[in-house]
Amino acid sequence: MATITGAISRPTSYAGVWGWMTTVDHKRIAVLYGVTAFIFLLIAGVEAGTLRMQLVQADNDFLGPAQFNQMFTMHATTMIFMVIMPLGVSFFNFVVPLAIGARDVAFPRLNALSYWLFVFGAVLMHVSFLVDQVPDAGWFSYANLTEKPFSMSRGLDYWAIGLLVMGVASVAGALNFVVTIINLRAPGMSLLRMPVFVWMTLITSLLLVLAFPVITVGLIELTMDRNFGTHFFIPTGGGDPVLWQHLFWVFGHPEVYILILPAMGIVSEVLPTFSRKPLFGYPFIVFSGIVIGIMGWAVWAHHMFTVGLGPVANSIFTITTMLIAVPTGVKIFNWILTVWKGSVEFTTAMMFALGFIALFIVGGLSGISHAISPSDFQQQDTYYVVAHLHYVLFGGSIFGIFAGIYYWWPKITGKMLNETLGKVNFWLMFIGMNLTFFPMHYLGLNGMPRRIYTYTAEFGWENLNRLASFGYVVLFAAFLVFLINIWQTRNSRRVGHDPWDAPGLEWSIASPPPAYNFAEIPQVEGLDQYWITKAKAEAAGTPITEPEALVDPKTIHMPSPSYWPIFTAAGVTLIGGGLLSHYAISFLGGAIAMMGVIGWSNEPAAAPSDDH
Amino acid sequence: MGPSPFRRAGSLPMQSTSNSNRPTGRRSSLKNRSVIFGLLAALFLFVIGCSKEGMSTWEAFGPVAQAQLDLFNVTMWMMVVVFFLVEGVLLYAIIRYRRRPGQPKPLQIHGNNTLEIVLTIIPTILVMGLGIWSVFTLFEIDKPPKSGPTPLQVNVTGHQWWFEFEYPDAGNGKKIITANELRIPVDRPITLSLFSDDVIHSFWVPKLAGKLDMIPTHENKMWFQADSDKIDEDLPVTLFAQCAELCGIAHALMRFRVIVMEQADFDSWAAAYGEPPAITDKAKKGKQIFAANCTLCHTIDGPDDPALSASRLQGFLTGADITPVPAPNLTDLRTRATLAAGIINLSETTLREWLHNPEDIKPGNYMSERAVLYQDGDANLSDEEIDALIGYLLDLR
Amino acid sequence: MAHAAEQEYTTTGLSHRKLLMWVFLGSDCLFFAALIATYMVYRGQSLVGPYPIDIISVPVTTISTFVLLMSSFAMVQALAATNADNKRAIVGWLLTTAALGSVFIGFQIFEFNSFKNEGLTLGGNLFGASFFTLTGFHGAHVTLGIIWLLAMSVIGAKGRLGPKTALDVELLGLYWHFVDIVWIVIFTLLYLIGGFDTGPVLPGG
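The listed protein sequences derive, respectively, from chains A, B and C.
Each step along the first sequence adds one to the number in the working numbering, with nothing skipped, and position 400 is 400.
Each step along the second sequence adds one to the number in the working numbering, with nothing skipped, and position 176 is 176.
Each step along the third sequence adds one to the number in the working numbering, with nothing skipped, and position 73 is 73.
There may be inaccurate statements among the hints.
To be verified - Cut-off 25 Å, straight-line C-alpha distance, at most; resulting in silico cross-link-like pairs (BS3-like, lysine-lysine):
#, chain 1, residue 1, chain 2, residue 2
1, B, K287, A, K341
2, A, K536, B, K175
3, B, K175, B, K105
To be verified - What follows is a set of in silico ranges between Cβ atoms, one per label pair, in the way DEER data are often shown:
#, chain 1, residue 1, chain 2, residue 2, range
4, B, P277, A, F129, 49 to 59 Å
5, A, A549, B, I109, 27 to 37 Å
6, A, S190, C, G123, 23 to 33 Å
7, A, A313, B, G319, 28 to 38 Å
To be verified - Away from chain A, derived, C-beta distances all over 12 Å, residues of chain C:
#, residue
8, D28
9, P59
10, I155
11, G162
For the record, the hints were derived by calculation from the structure and aren't laboratory data.
Ideal placement from N, C-alpha and C gives every residue a C-beta, glycine not left out.
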């Protein structure tokens, strides 16, 4: 086998489609992640649109109940696993190596493998649309609705296996970032000199590494129930559907922080830059992040207050959940105090960051009201929860990610997004978001359960649903404006390497950064290193106006592109695809993956160079 | 549109005053302000507009719902105060400290430990206060008070997609099984044991208590009570209720009603529960049609035979095409106000439509799927036969 | 120019790969923890037999456990030989480790087969489902380790293992010892403690 794998010559070109498919450059992988996730964002957005269209009036028949269940299941699954997580990973990829002064991640090929596994897993799950067997049990797919005989189509198999493949991708990616951050920091960058975004990446990655195995076991057990006759979650065989809920939420609650911590990291970078003032209480923001990461493991059953775990268990999880609000509050106070007495510049990135704080406060406060288990008995599974989760995931994660896009766009592309369009984008999104989701608080308290495809007028839910659906239209317009803004950057002018006078190391190099990032690995003397560098230069009378000079890329030995990541990823995905179609395909996939691993291990990370 | 006037390429660090004539600060903050005011106005409307119709949780008819609502109200007002405070400070900060032309670099503050500790302790006290109160409430509403009237026991079973109510002793030892309408006496604790035969459902009567899941192989217990002094209207009062956990295709159509009655009315309802008379010729014919087509799944002459229920469940879980399945007990159907798990009002017309083609009214229901009668879509019955069946079911004379 | 990998700068001084292996093992811990939790939750919950007390044979599995423990000893020797640059001993100890691992897998195949003959299946009861899933995934880990050991033996036979590449053997060792430790936990919980479980304990009885 080694001779076979050795016979394929290594890719050398960086150009064209093959260049992208074999790339191991963290910046290009970041772009791949970003673009892919954005496509899924549009898909999930359209799915949300069908939901809002159906609910726009009482007794509507735009969607039938079957399609409605499929749409909300795929909307949530896509948004969580194929949009917000990969958009976070896209920023990890682009920013982290630059922010810690590294030339790439610790394992560039593993990084490419993560990306390809993610794409293939996501595509595999979406094949369910082609065969019309779409998952339809919600994003937390409570057993035993997911079991036979209640779910006879293969939808849940697509769901479980797609998630398993994407789970491998997430864990592989997260392992890489843990190692990168611990081991590839520039000299002098002690842990407490790391930018907050890097800290949040580290915490998120550790959560991923530890949380995903739990859901992996849950998904394996579900798949075995559905295909191999076990009864893990099937009551008629003695199984307990509540075990699924425990496995799911032991993963699911850390997952919530996996979704929000990257956005918190982004906001912690944007606020100081546009307040021209260092982050207030850096160690408190970092430690509150760590505390959230640890306590996030002790609160999972607050998703299960109505399961009937009894008053003792409910009390314990009420108290732990109340306590986790404190570090979150600490973060908000510190962000506000960062702005306080600063010099606030209203760029689009800053407005998204401020919007993040404003909306996250709402989400946090409604979160406290469901932490209180007695009142959660009324709110659980109503639109009140839908409102809450969209304030933290849309108002929080998506706003944070948009702040990041507007902030780092000039670094990624060397060009500016239009600020006027950016502000239109922000206001449409801010207004649309509140129009869509604020009424849902009220709908929920007024008794509207989640996941119902129809309702009658006598409940009095119609007007607010109409308002929420109108808000969707505004949000839709906001995303259109964003797309136009992206499109117009083709012609926009180039900007310098440091358009925002930012503190991070990534701003000290050219935009877009050269393949090797830093010609010379920087020395770090403190937090906000580039501000220190610039201040020193200014004091010395030689202000910095240019990025670090480019060097001949051949003098810096960088990891070479490789076929094996995409090859191995295809093999692993085929193993999963075989479980959905024919086991022979699984064996084929296994053989391909095996060959990929052999080829991979026989290939040095960087091709030997003849130049020196 | 066009290129942004914001920053010039390679603008010098710490020299952003050079491009300070930007139209940022004032205009944006005004916009900011108006939107935030809009948001506050919306919040205000939200708070004062506590609707009390239908499924609203803003109105409590009993002690359990009241305890939950009290806790929520306090929390909500606390949150409203915190919301205005924190958003206010944020808004003040971004307006007050917006960048002005010629402004020097602000003082580079890195933090303040005293402030951090204060800002950690205050929320901790707040949330712990609420947390401890929640714990007390949890234990307080867990079981009905020991003093007071004897509770009425009701066993509730969730089925895809309807509710079965069993009164082991509705009075004088009489056992009653009915469906989709829970009749309860006022001012008396109702203890409920919740079960499920198939998937997870959730039992929720917003005006009486928060929800509790119905999970196969689990027995979940809850209680509630309707207090006459909390109900303004004359009894009997009908309350809306709905399954609150996704349970499949007809989840949205799995509703039920709770009818709060005077104890005396309840007693006479319970006493009258039993086998339907078939007096008219039409009803007698209907009885034959019912016996020939419906009794595999439906019981109409009092409580279901447990052995029969078990065999129906077995048939359901095998998932075969045409098998008996658990189905609502139809005893005393004429006394009910609704049909098909509370989704339509019961009348001759609606019952005719339902019998003609249930799929049109409740997509996904098992009667259409499993009953021989409906294998071609519409009922395999003539109009007269349906008429006779209605006569029997509604006991028309 | 030397490969970047050999001279890589790292902040902590630990090599990337070693750190990766440690974090991966942390992740794998949670994987087994969830499987073990499933088993423990379903202890004594099987509706029908066979129950552990009917079929679990502690003495037989004690032997296979001992064999697996010995393989860890062989693994330690393999690493020591690598550091001592004793080319023949490296291959010898690696193959010994692989052989002992294979004996363990042989025992497992024998055990699975005899359990199957006594009526324990994946679909039969919860004990079967959770037992086979947990020990099956552990067996898969061991099998993967054996393949890795054999691959390293081939590399060692070509004389390419030595103090400079000791990390390659060390990583394999970390993985092997981890799998071994997981087995100790499984053996304790499933055999020593859970091996005498009977059917569902009825309330009051």
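Next on the checklist: 27 to 37 Å was suggested as the range; check whether the CB atoms of A:A549 and B:I109 agree with it.
Outcome noted: Holds, since A:A549 and B:I109 (Cβ atoms, about 35 Å apart) stay within the stated range.
Checklist entry - Hey, does C:I155 actually stay past 12 Å from chain A on C-beta? => result 10 Å, violated
Checklist entry - For C:D28, which was marked as not at the interface, is the minimum beta-carbon distance to chain A over 12 Å? => result 7 Å, violated
Checklist entry - Is C:G162 truly not at the interface, in the sense that its beta carbon sits beyond 12 Å from all beta carbons of chain A? => result The assertion about C:G162 holds, with a minimum of 18 Å to chain A.
Next on the checklist: Quick check for students: does the CB of C:P59 sit more than 12 Å from each CB in chain A?
Outcome noted: 28 Å, holds
Item to check | Hint consistency between A:K536 and B:K175 [alpha-carbon to alpha-carbon, up to 25 Å] | outcome: 88 Å, violated
Checklist entry - Should the hint that A:A313 and B:G319 are 28 to 38 Å apart at their CB atoms be regarded as holding? => result Holds - the Cβ-Cβ distance for A:A313 and B:G319, about 34 Å, lies within 28 to 38 Å.
Item to check | Pair hint B:K175 and B:K105, alpha-carbon separation not exceeding 25 Å | outcome: 81 Å, violated
Checklist entry - Does the hinted range 49 to 59 Å hold for B:P277 and A:F129 at CB? => result About 55 Å separates the Cβ atoms of B:P277 and A:F129, which means 49 to 59 Å holds.
Checklist entry - Taking the beta carbons of A:S190 and C:G123, is their distance inside 23 to 33 Å? => result Distance hint for A:S190, C:G123 is violated at roughly 55 Å.
Checklist entry - Within a Cα-Cα threshold of 25 Å, do B:K287 and A:K341 meet the stated pairing? => result 83 Å, violated
When the structure is compared with the earlier hints, violations turn up for hints 1, 2, 3, 6, 8 and 10 and for no others.
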